[in-house]
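Those protein sequence lines, which keep their order, are chains A and B.
Numbered by my numbering, the letters in the first sequence go through residues 1 to 277 in order.
Numbered by my numbering, the letters in the second sequence go through residues 1 to 277 in order.
Do not rely on the hints blindly, as some may be mistaken.
Pairs of lysine-lysine residues, derived as DSBU-like cross-links and limited to a Cα-Cα distance of at most 30 Å, are as follows [claimed, not checked]:
1) A:LYS44 <-> B:LYS64
2) A:LYS64 <-> B:LYS42
3) B:LYS64 <-> A:LYS64
4) B:LYS64 <-> A:LYS10
5) B:LYS42 <-> A:LYS100
6) A:LYS193 <-> A:LYS100
7) A:LYS64 <-> B:LYS100
8) B:LYS42 <-> B:LYS100
9) A:LYS64 <-> B:LYS44
10) B:LYS10 <-> A:LYS64
11) B:LYS42 <-> A:LYS42
None of these hints come from the bench; they were simulated from the model.
2 protein chains.
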Amino acid sequence: MPLIQLAEHKLFGGLQRRYEHHSNSLNCVMQFSVYLPPQAAKGKVPVLYWLSGLTCTDENFSVKAGAQRIAAELGLMLVIPDTSPRGDLVADDPAYDLGKGAGFYVNATETPWAAHYRMYDYISQELPALVNAHLPANGRKAISGHSMGGHGALVIALREGGYSSVSAFSPICQPTECDWGRKAFSAYLGNDKAQWLQYDAAYLLAKTQTTLPILVDQGEADQFYPAQLRTQALQDANQHSQSGAQIRMQPGYDHSYYFISSFIEEHLRFHARHLAG
Amino acid sequence: MPLIQLAEHKLFGGLQRRYEHHSNSLNCVMQFSVYLPPQAAKGKVPVLYWLSGLTCTDENFSVKAGAQRIAAELGLMLVIPDTSPRGDLVADDPAYDLGKGAGFYVNATETPWAAHYRMYDYISQELPALVNAHLPANGRKAISGHSMGGHGALVIALREGGYSSVSAFSPICQPTECDWGRKAFSAYLGNDKAQWLQYDAAYLLAKTQTTLPILVDQGEADQFYPAQLRTQALQDANQHSQSGAQIRMQPGYDHSYYFISSFIEEHLRFHARHLAG
Chain A
1 MPLIQLAEHK
11 LFGGLQRRYE
21 HHSNSLNCVM
31 QFSVYLPPQA
41 AKGKVPVLYW
51 LSGLTCTDEN
61 FSVKAGAQRI
71 AAELGLMLVI
81 PDTSPRGDLV
91 ADDPAYDLGK
101 GAGFYVNATE
111 TPWAAHYRMY
121 DYISQELPAL
131 VNAHLPANGR
141 KAISGHSMGG
151 HGALVIALRE
161 GGYSSVSAFS
171 PICQPTECDW
181 GRKAFSAYLG
191 NDKAQWLQYD
201 AAYLLAKTQT
211 TLPILVDQGE
221 ADQFYPAQLR
231 TQALQDANQH
241 SQSGAQIRMQ
251 PGYDHSYYFI
261 SSFIEEHLRF
271 HARHLAG
Chain B
1 MPLIQLAEHK
11 LFGGLQRRYE
21 HHSNSLNCVM
31 QFSVYLPPQA
41 AKGKVPVLYW
51 LSGLTCTDEN
61 FSVKAGAQRI
71 AAELGLMLVI
81 PDTSPRGDLV
91 ADDPAYDLGK
101 GAGFYVNATE
111 TPWAAHYRMY
121 DYISQELPAL
131 VNAHLPANGR
141 KAISGHSMGG
151 HGALVIALRE
161 GGYSSVSAFS
171 PICQPTECDW
181 GRKAFSAYLG
191 NDKAQWLQYD
201 AAYLLAKTQT
211 TLPILVDQGE
221 ADQFYPAQLR
231 TQALQDANQH
241 SQSGAQIRMQ
251 PGYDHSYYFI
261 SSFIEEHLRF
271 HARHLAG
């Protein structure tokens, strides 16, 4: 088996595991975390992929969100990848918002990033294939994420088929028009803005007549709202496409995992409904 | 107000705050965290004190346990102190199990520790007085903790009046007879073992005909069980004293916060019942 198990903890009657494997898309060794609900001991279960934000690894969501309690009840497997390629051979940048911890879920085309930074392929193709082959997954999947990971979840679900639903907390809705996105996309994708748009959730939603169930929560006291997150652009795109996305503003909540933990139960129940449907 | 608010996050409709203050018992500046449930905006509420384990600060439980969801439902304030005095003037040791992060909830009598390491007084006297004076506390309190903090919670509740209930996860039940306890107590209290016994939960329970409600959970896959934790000594003391403590073994669970998060709901409901009674 190409997955090496690094750790296992019993949690809400299920198992929290950490795996290591060699990624062909990223050309390096990667780690990811999985929560196997109690139901996975007896049969195959649906999977929710969680994409984390800038500076995170697979551990932040595993430890802070409190999602496993609900996943145990609902019989959902959680798969929680890292946010970039890793290792000494991988290009990096001293800033927190470029390089390691900041892969932005794109396939980089520019030097020095293109050699490893292919997170779009890793998350949308390689990791699901690995999960379906080696873990008790029933083939149904949904995707969610936070901030940079909310951007990744929306972009992947809107472009790829096969996700029953998508949700996001505080997503970077229009990276082509904010500082974080312009910096990362210039580095990873070069200066042709036409290339950037394939990774812009607001642009993708506006041009898609999608029936994909979409749920977004945005805290009104978020320190990155509205400048970096540009939630309004997603709301505008939603009206334009009539996609029926629920985009909810939550008064008083900030950008932290305290916000995520407050609403993760609603997101998991939303995904479970559509995964069962 | 002698409490300086350092941070505030909205969480499950309530507020997670971090405070700084000068501690007279510890003779240094301390930080602690508080969760104010939504009910505290309208009136005074009971308080659950949480004592953390070796190497922890107030942040581990705040971020990892998932307790605030249940505290919000039950109307419980959570008060989460640090595990030792802090600051450049405070004596320390390079080991993880002595000095900073390892106060063991005792009043040290030996040099160089006695100048600051008075965690017993801080937790049992100074902090509750501060909380009652400056936060919306109704005067009813309970106490819980993990590992070194489970030891602290049991010892303080058994010695002091005024706690409605006590609970512990993976407590160090008999520190006078395990490596962690012998090392810390020798340093903080000297070599007179009679002094040590005032901080030994198994000893205190055996000699007390207490009616205090006590709940203990111990994972059977805990890497520190049984050698450091000596749960059997607490079970023996419980039989001897007929105190009616519930001491539960939980198959498959380890010493991590994944164990705590799996059972914290039962502990909070246990405390809420007795705080209301």
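For each hint, the structure was consulted:
1. A:LYS44 <-> B:LYS64: holds, 28 Å
2. A:LYS64 <-> B:LYS42: holds, 28 Å
3. B:LYS64 <-> A:LYS64: holds, 5 Å
4. B:LYS64 <-> A:LYS10: Distance of about 15 Å is within 30 Å: holds.
5. B:LYS42 <-> A:LYS100: Distance of about 46 Å is beyond 30 Å: violated.
6. A:LYS193 <-> A:LYS100: holds, 23 Å
7. A:LYS64 <-> B:LYS100: holds, 25 Å
8. B:LYS42 <-> B:LYS100: Between LYS42 of chain B and LYS100 of chain B the Cα gap is close to 38 Å, so the pair fails against 30 Å, i.e. violated.
9. A:LYS64 <-> B:LYS44: holds, 28 Å
10. B:LYS10 <-> A:LYS64: Answer holds: LYS10 of chain B to LYS64 of chain A is near 15 Å, not above 30 Å.
11. B:LYS42 <-> A:LYS42: violated, 47 Å
Consistency with the previously given hints fails for numbers 5, 8, 11, ordered from lowest to highest.
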